Every structure is written in structure tokens, then in C-alpha cells.
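Throw the hints in and build the complete structure from the sequences for me.
So the sequence lines, in the order shown, correspond to chains A and B.
Going by our numbering, the first residue of the first sequence is number 1, and it counts up by one from there.
Going by our numbering, the first residue of the second sequence is number 1, and it counts up by one from there.
These are calculated hints, taken from the structure and not from any lab test.
Quick caveat, the model's predicted, so the values are computed rather than measured.
It is possible that some hints are incorrect.
Straight-line Cα separation of at most 25 Å, DSS-like style, residue types lysine-lysine; simulated pairs [as the list claims (entries may be wrong)]:
| hint | chain 1 | residue 1 | chain 2 | residue 2 |
| --- | --- | --- | --- | --- |
| 1 | B | K247 | B | K27 |
| 2 | A | K72 | B | K27 |
| 3 | B | K92 | B | K182 |
| 4 | B | K160 | A | K72 |
DEER-style ranges, computed between Cβ atoms [said to hold, decoys possible]:
| hint | chain 1 | residue 1 | chain 2 | residue 2 | range |
| --- | --- | --- | --- | --- | --- |
| 5 | A | F99 | B | F11 | 39 to 49 Å |
| 6 | A | F99 | B | K182 | 49 to 59 Å |
| 7 | A | Y181 | B | L28 | 50 to 60 Å |
| 8 | A | P202 | B | L35 | 39 to 49 Å |
By construction, the Cβ of each residue, glycine as well, lies at the ideal position given by its N, Cα and C atoms.
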Amino acid sequence: MIFLKSFFSREVLIYSKKSSNVIGPVIFFLICIAFFPLAISNDPNELSRLAPGLIWICILLAGMLSIQTIFKEDYDDGSLDLFYVRRFSMLQVVLIKIFVNWIFTALPLILLSCLMVFLLYFPLEKLLNLIGSLFIGTLIISFFGALAGALSLGRNSILASAIMLPLSLPVLILGSSASTYSSENITFFILLLLALLFFSVPIISIACIGAIRLHYE
Amino acid sequence: MNKILGAITLFYHKLGSYPWFYSISSKLLPISTILAFMIFLLGIVWGIFYSPSDVTQGEIYRIIYMHVPAASVAQSIYFSLAIAGFVYLVWKMKMAGLFIKAMAPIGASFTILALISGAIWGQPTWGTWWVWDARLTSTLVLLLFYLAIIGLYSSFDNKKSADQAVSILAMVGAVNLPIIKKSVDWWNTLHQPSSIRIFEESTISSEMLYPLLICILSFYLMVFVFGLMAMRTEIAKREMTKDWFKKMVEKND
Chain A
1 MIFLKSFFSR
11 EVLIYSKKSS
21 NVIGPVIFFL
31 ICIAFFPLAI
41 SNDPNELSRL
51 APGLIWICIL
61 LAGMLSIQTI
71 FKEDYDDGSL
81 DLFYVRRFSM
91 LQVVLIKIFV
101 NWIFTALPLI
111 LLSCLMVFLL
121 YFPLEKLLNL
131 IGSLFIGTLI
141 ISFFGALAGA
151 LSLGRNSILA
161 SAIMLPLSLP
171 VLILGSSAST
181 YSSENITFFI
191 LLLLALLFFS
201 VPIISIACIG
211 AIRLHYE
Chain B
1 MNKILGAITL
11 FYHKLGSYPW
21 FYSISSKLLP
31 ISTILAFMIF
41 LLGIVWGIFY
51 SPSDVTQGEI
61 YRIIYMHVPA
71 ASVAQSIYFS
81 LAIAGFVYLV
91 WKMKMAGLFI
101 KAMAPIGASF
111 TILALISGAI
121 WGQPTWGTWW
131 VWDARLTSTL
141 VLLLFYLAII
151 GLYSSFDNKK
161 SADQAVSILA
171 MVGAVNLPII
181 KKSVDWWNTL
191 HQPSSIRIFE
201 ESTISSEMLY
211 PLLICILSFY
221 LMVFVFGLMA
231 MRTEIAKREM
241 TKDWFKKMVE
251 KND
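What follows is the structure, given as C-alpha cells:
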């Protein structure tokens, strides 16, 4: 328990000291969102129709930026080596790192998505659906991103995205459907997203540990 | 019973040895190449010249004899990669890692073949080269998985880490593929339902079905041949400096 607490506060400290990891995805997300009206059309009707998909795409792309930060810095400065050598519980390390990464990189984006009611004319009555699906969806994306980051430690970031994007396809489909369709169907998609989350947490964490281990063999 | 189990275990352990595989595959290769070529020729000639033309699609449907086998093979190869990944991670059998390395480009090629032949087929029948339909999309995602595996493998210098990394990715991808398939089903639009059913009666006439089945069989044999060749090449690359390999090469010369 003490380990959990101290490791958690260590992670939080790192993110609060190095704010570029937090601000980077936010700026990227806003720029991405701003591109769509410029490139497609500024017609409010069309934008509000496209908004759920656009928000989800931008969230996914911004998530791609942050996957590099989950393990890479600890790998580069050698802390990950120490966690491994000191026989820390890798499961706890992986879970805490993913969760703290989610708090600092995905949560701001979810809050920012509320702004899309004004920027992309996202229909207000569906905002709750969007936020709910984003909460679950970004968690799943964080897990897939962690796996991609762990597999491609010390390698180029294109590779990590190439691994992560096909994996997160179901999240994109279910999430954007959950925020597009009317409220009768929403529980169906939210439940599917939840199922996917509970399904991927154990599998991806174990795969992550395996992926980290292979860098030390 | 014990004897059979023992034989299987022995075969499994032998499968893990490079020299044994290299020598047995050099015996298998010529036979299976001839067999694959003959069966392919039989299926294709039967399909193109001797099977009846389709009522609605006319002659264009004959591309089915390339398209369906390629798509079927592409999916099966991915499935086999996942099994190999499991074997590698659980029993650390080095041949399984080598298998993934050798088969991934073959699987990617057959996926591309399936996509292209599907597009050529779709143009006259649906009036469009590409549709964002469930099966087309999941085949495209399958291609992305293959490319990710190839890319991940090539980013490692150490073969052992590379084998382990692609094993993990192949397994996670295989777990995810059915989910992707299901979730892509939402906009299942234009694609005709599957014609071959294993447990029900097929909707395809038997005069078309037999050449199709022969073509599918020949594609699997082709994959076997290509797989053997690719694995032999990879073994040669990895074991070039080993004594057994030098001896084997000298003996053959």
C-alpha cells in the first residue's frame, strides 16, 4: 500500500514538474479541431453533424502523442531498469503509470470537449453521452497506447502509432456511435465500451509487462 | 494412446530444431511445390473454362477463384501467427518466432491480393472500387496488423527480442480482431452474404463450388510452399555461421 501511494505521488510529481507532457496534447487537440471547420466547411449544421466523429478522431490522435511519454522517459533515464531489477511489482507499476498518464493527458481533453458545444456546434443534449463515452474510451485508448509504447521503447514513434491505431478502432467506432445516436441506443454502446474496458485491462496489462521485460533480456 | 502422444511430443520437439527442419523441408519442398502448382492449375482451369457462368453477374464472377482463396488464406495466416505467438511466449520455442517473421509478409501479400481482386470485382458488380463495408474494412485492418508486425520486427536488432515483441503483438491483435470485426458490422451494407457454409447447404451451385474448393486448397498449399521457403531463408540468415549449416551446404554442393 505504501508502495502504491509513494509510486503514485512520484508519477504525479513528474507530470506536474514537466508540464509540456500535459500541454502538448491539449494544444494538438485544439489545433486539430480548428483545422476541420477550415478544411471542410463553416456551416453549423454540417459541423454539428460531423462533430462527434471529429472530436473522437482528434482525441485519438492526441492520445497518440502521449503514448510516448508513458514509459519512454523512465526507460531513457534508467528508472525503468531499476524498477525491473529491484523486483517491483510490474503490474502495479504499469497500472499506476497508465492511470496517471490518463489523468494528465486524457482528462484535460475530455474537459475541453465540453467546449465543442460552442466550437463545433455539438448538440448540447448529447453532451453527456459524449463525455461518458470519452471517459471509458480514453481509458481503453491509454491501455492500448501503453502497450504500443512499451513494445516500441527506444524506437520511432511512427511504429507506436502503427501498432496503436488499428487496435483502437473498436473504441473509435463504438465511441463515436455512442455520441451520435439518440439516447435510446446509448446504453448499448456504453455497455459495449465498458465490456471492452474490462476485457482489455487484464490482457493489455499482462502484455505490457511482457513487452517491458523483453527490453531487459 | 501413450505411443501416439509420445510421437506427437517427439515431433513437436523436433520441430523446434533448426537442422531437423532444414533437412526435412528440403525433402518436402519439391513435392509440395509440384502438388500446389498442379492443384492450382486444375482449379483455375476448371473454374475459368469449365464452370457455368453466373445468372446475375455473368462471367465477371470468375474472379471469385482468386478472391475467396486469397481472403481465406489471409485470415488463416493471421490466426496461425497468433497461435505461433502463444507457443513462443509459453514454451519459448524459437521456431515459432521465426515462423511469425517468415509468414507475416506472406500474409500481408495475400491480404493485398484479396483487397485488389475484391476492388476489381466490385467495380463492375457494385459500380464502385471501394465500399466502407464491414468485411472490406476488417480486411484493411488485417493488413494494418500485418504491417505493424512487419514494422515492429524490423525495428529490433536482437532477433530474440524481435520474436518476443511480435509474438505479443500477434496475440493481442488476434484477440482484438473479432472485436474489430463485430464493431465494424454496424454499417454492413453492400457485401453479399457468405456463399460457402460448412454446416448448412451452400447457396453456390456445386459446379462452381468444387473448382472454388480446389482453388482454396491450392492456395493453402501455396502458402505452405512459400512459408517453407521463407522459413528456410530465415534459418539460413540466422544460422549462417553455425557448423551444421556449413556442413549441410557443403554436402548439397
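Hint by hint, here is what the structure shows:
1. K247/B / K27/B: This hinted pair holds, its Cα atoms lying about 17 Å apart.
2. K72/A / K27/B: Violated, at about 47 Å.
3. K92/B / K182/B: Given that 25 Å is the threshold and the Cα spacing comes to 32 Å, the pair is violated.
4. K160/B / K72/A: Between K160/B and K72/A the Cα gap is close to 21 Å, so the pair holds against 25 Å.
5. F99/A / F11/B: 39 to 49 Å: Holds: the Cβ-Cβ distance is about 46 Å, inside 39 to 49 Å.
6. F99/A / K182/B: 49 to 59 Å: violated, 27 Å
7. Y181/A / L28/B: 50 to 60 Å: holds, 54 Å
8. P202/A / L35/B: 39 to 49 Å: This hint holds: roughly 44 Å between Cβ atoms.
Consistency note: the structure conflicts with the earlier hints numbered 2, 3, 6.
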